[in-house]
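Participant: Chain residues, written in single-letter form:
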Amino acid sequence: MSPVTTSTLTPTPAAAALPLAQPATPPPAAPPAAPPAAGPAGTRAARLDRWRVPFSVAALCVLPFVLPSQALAVNVLIYGLFTVGFNLLFGYTGLLSFGHAAFFGGGAYLTGMAIAHFGLGWAPAMLIGVAGASLLALVIGALSIRTRGIYFCMVTLALAQLVYYVALQASGWTGGENGLRGFTVAKAEVLGLFTVNLLDPLQKYYFLMVFAALALWFVSRVLNSPFGAAIEAVRENETRARACGYDVERTKLLAFVLSGAVAGLAGTLSALHLSIVPLDALGYHTSSLAVVMTMLGGAGSFFSPFIGGLAFLLIEDVASLWTSHWQLIVGIIFILFVLFLPKGLWGSVIGFVKKGRAP
Amino acid sequence: MDFELIVMQLFSGLALGAILVMVALGLTIVFGMLGIVNFAHGALFMVGAYAGLWIASLTGSFWWALLVAPIAIGILGMGIERFLVRPLYGRSPDDPLLLTFGLGYVLVESVRITFGTDGIPFSAPEALQGVVDLGIGYFPVYRLFVMAVVALVLLLLWLALEKTRFGLIVRAGARDPLIMKVLGVDVGRLWLLVFGLGVGLTALGGVLAAPMRSVSPEMGTLVLAEAFVVTVIGGMGSLLGAVVAGLLVGVAISMTALFAPEMATIVMFSLMALILLARPQGLFGRPGLGA
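Listed in order, the protein sequences are those of chains A and B.
In terms of numbering that gives the first Met the number 0, the first sequence opens at residue 0 and continues consecutively.
In terms of numbering that gives the first Met the number 0, the second sequence opens at residue 0 and continues consecutively.
These aren't lab readings, by the way, just hints derived from the structure by calculation.
None of the values given here were measured: they were computed from a predicted structure.
Be aware that a few hints might be false.
Covered stretches of chain A, as calculated for chain B (at least 3 residues, CB under 8 Å) [what the hints assert, rightly or not]:
1. 135 to 146
2. 160 to 168
3. 287 to 296
4. 325 to 335
To list a few chain B residues with every Cβ distance to chain A over 10 Å, as calculated [stated by the list, open to error]:
5. A71
6. Y88
7. L167
8. M179
9. R188
10. S269
11. L276
In silico negatives: residues of chain B with every beta carbon more than 10 Å from chain A [as the list claims (entries may be wrong)]:
12. F10
13. R81
14. G129
15. F144
16. L156
17. W157
18. E161
19. F165
20. L223
21. S253
22. M254
23. A272
Beta carbons: idealized from backbone N, C-alpha and C, even for Gly.
Here chain A stands alone, though its shape is the one from the complex (with noise of 0.2 Å):
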């Protein structure tokens, strides 16, 4: 495809229900992408939409330098990748998972494995904690989408724990309880070029981003593409986008396999970046935090999670500064947001702007 096609298809405020009302018709057919009823805030969101990786890398790039600490960056990073990864089934294919710690500990387990028992470099590492993660998302997607709605999210939450008991028992292969520990990476040599010195922080953390760009750009192409297109049809519609003769279970299948592919993705720059794996990495507590995150953010846009991942890493770095209960506080937060900001920081923000803007 090429990236004149890619722009007319960008959703826009007036032409989000296009894919919907013409399925069948070829991007090519598309009108232009900012109707002039759109007004000048269509136009501005549309031409956002259209810079959103750049904008997203160059955000990336100075976060370590306008944060607080960069531990902090770090972790802005790798759990807004994930929340990327959920926010693919949950914001734009309507699906909500409780059970994606099993792509991100099991993509970071994997790695570690691959370097702790078979001495493998982190590059065949990383290959197989993002391939295992997303047969381990294929495999618990083909079982989850099975079931719908509500009956969805118990599914997904039960087999993620299946996946940490059976992480917990073979404790020969994954360190049990204590975590799997002894696979440090100091140094990345990259394509016999250059070397990354993993130690130093600031090193690892560009290191790590470039992964990140990749994935953000890789996601942006999918949403960009009549694929993007046909789950959100699901998301808004599942009868009438099977009336119009997509497989809805394949479209379903598919964006649960890539969300599980960038969750274990950033599970992978977890286990690089922590050099241990916790027990709880493949835990409720992790597959919640990806929901916290993409509620804070607002589901369903392309800024949100890192925005979320951000404003609930400030909140738990400040809150427990003050107090050890900052769990409380993340919680009576998180219940304020859906009574009565239900779509998010950023969600909110587009609202705004269309609202105060468009006559």
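Given the structure of chain A, go ahead and fit chain B onto it with the hints provided.
Facilitator: Just chain B, lined up with the frame of chain A:
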């Protein structure tokens, strides 16, 4: 492996399953009526256990704890429905789920602040300690007591749903709330009561489970996952399904614990995966209800 041991383990499984039945029933009653999943259900189970602990230490009597804690937590549940869940009716079905999920955080953390993060042992009253001879072996009295209480509650619940006017309205409301409204039934008040009932049942499960496992703020997470497994196996919204699947999962766990202890937790999730493959709507579920 001798026969007696297997039968004893079967009884243990039924006692374990009886607790699961309480939790899963609460979850499925609320879903059947209100169409929402309460993600704070596990946390409310835990709060029920702590409330029982607190009342028992206050009054010195386990019996007061067993009676008062479920009612008190049930009233708390009504408050949750009235002030937090009710504003979300008519919005996406994910919203109440997300809200109760956040509420779970708040409840767990509040208990940590009040009672500390460590597990607290909670012993059964003296009258229920010890073992009883069942003819083929000795069995803890307390577990028999748990089974009896759950059986009694199930009987009362069945009578209330099948034989009273309230039960008739509840069943009709589960089928078509709009028609009930047209007929002049206050559906809002009905939902309030049903939510309170569901929460009260899980709190009762918490009090009953407390002497069988130690009481800790995290005890709700596994229970939530277990209740989900039971509801998926039994069929969402089916009361009979919750009872059968709860006992089935309890027996499956304790039988596996006998032969391969490390597989005990894993087996119920595998059971759920099998059911999903063979019968996605669950054993007693109606097709189309989410599957």
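Participant: Evaluate each hint against the coordinates.
Facilitator: Evaluated hints:
For the region 135 to 146 of chain A, the stated coverage by chain B holds: 4 residues have a C-beta nearer than 8 Å to a C-beta of that chain, and at least 3 were required. Against chain B, the region 160 to 168 of chain A contributes 5 residues with a C-beta closer than 8 Å to a partner C-beta. That satisfies the three-residue criterion, and the hint holds. Taking a C-beta to C-beta cut-off of 8 Å, the region 287 to 296 of chain A contributes 4 residues in contact with chain B, enough for the three needed, and the coverage statement holds. Evaluation of the coverage hint for the region 325 to 335 of chain A: fulfilled, as 7 residues show C-beta separations to chain B shorter than 8 Å, against a requirement of three.
Distance check on A71 of chain B: its Cβ is at least 21 Å (rounded) from any Cβ of chain A, clearing the 10 Å threshold; non-interface status holds. Distance check on Y88 of chain B: its Cβ is at least 12 Å (rounded) from any Cβ of chain A, clearing the 10 Å threshold; non-interface status holds. Every CB of chain A is more than 10 Å from the CB of L167 of chain B (nearest about 26 Å), matching its label as outside the interface. Chain A leaves M179 of chain B outside its interface by the beta-carbon criterion, the shortest separation being 22 Å against a cut-off of 10 Å.
The claim that R188 of chain B is not at the interface with chain A holds, since no C-beta of that chain comes within 10 Å of its own (minimum 22 Å). Consistency note on S269 of chain B: stated as away from chain A, yet its beta-carbon is not over 10 Å from all of that chain's, at 7 Å minimum. A beta-carbon of chain A is positioned within 10 Å of the beta-carbon of L276 of chain B; the least distance is around 7 Å. At roughly 25 Å from the closest C-beta of chain A, the C-beta of F10 of chain B stays outside 10 Å, upholding its exclusion from the interface.
With a least CB separation of 13 Å from chain A, R81 of chain B remains clear of the 10 Å interface cut-off, as annotated. Here G129 of chain B stays apart from chain A, with its beta-carbon at least about 33 Å from theirs, past the 10 Å limit. For F144 of chain B, the shortest C-beta to C-beta distance to chain A comes to about 30 Å, beyond the 10 Å cut-off, and the non-interface label holds. Listed as a non-interface residue, L156 of chain B keeps its Cβ farther than 10 Å from every Cβ of chain A; the least gap is roughly 22 Å.
Against the 10 Å criterion, W157 of chain B stays outside the reach of chain A, whose nearest CB is about 25 Å from its own CB. Separation of E161 of chain B from chain A is adequate, the least Cβ-Cβ distance of about 26 Å exceeding the 10 Å criterion. Its beta-carbon lying about 26 Å from the closest one in chain A, F165 of chain B satisfies the requirement of being farther than 10 Å from that chain. The claim that L223 of chain B lies off the interface is violated: its Cβ sits roughly 8 Å from the closest Cβ of chain A, which falls inside the 10 Å cut-off.
No Cβ of chain A comes within 10 Å of the Cβ of S253 of chain B; the nearest lies about 16 Å off, and the non-interface call holds. With a closest Cβ-Cβ approach of about 17 Å to chain A, M254 of chain B is found to remain outside the 10 Å limit, as its non-interface label requires. With a cut of 10 Å on Cβ distances, A272 of chain B falls inside the contact zone with chain A, its closest approach being about 6 Å.
Figure legend: structure checked against the earlier numbered hints; hints not met, in rising order: 10, 11, 20, 23.
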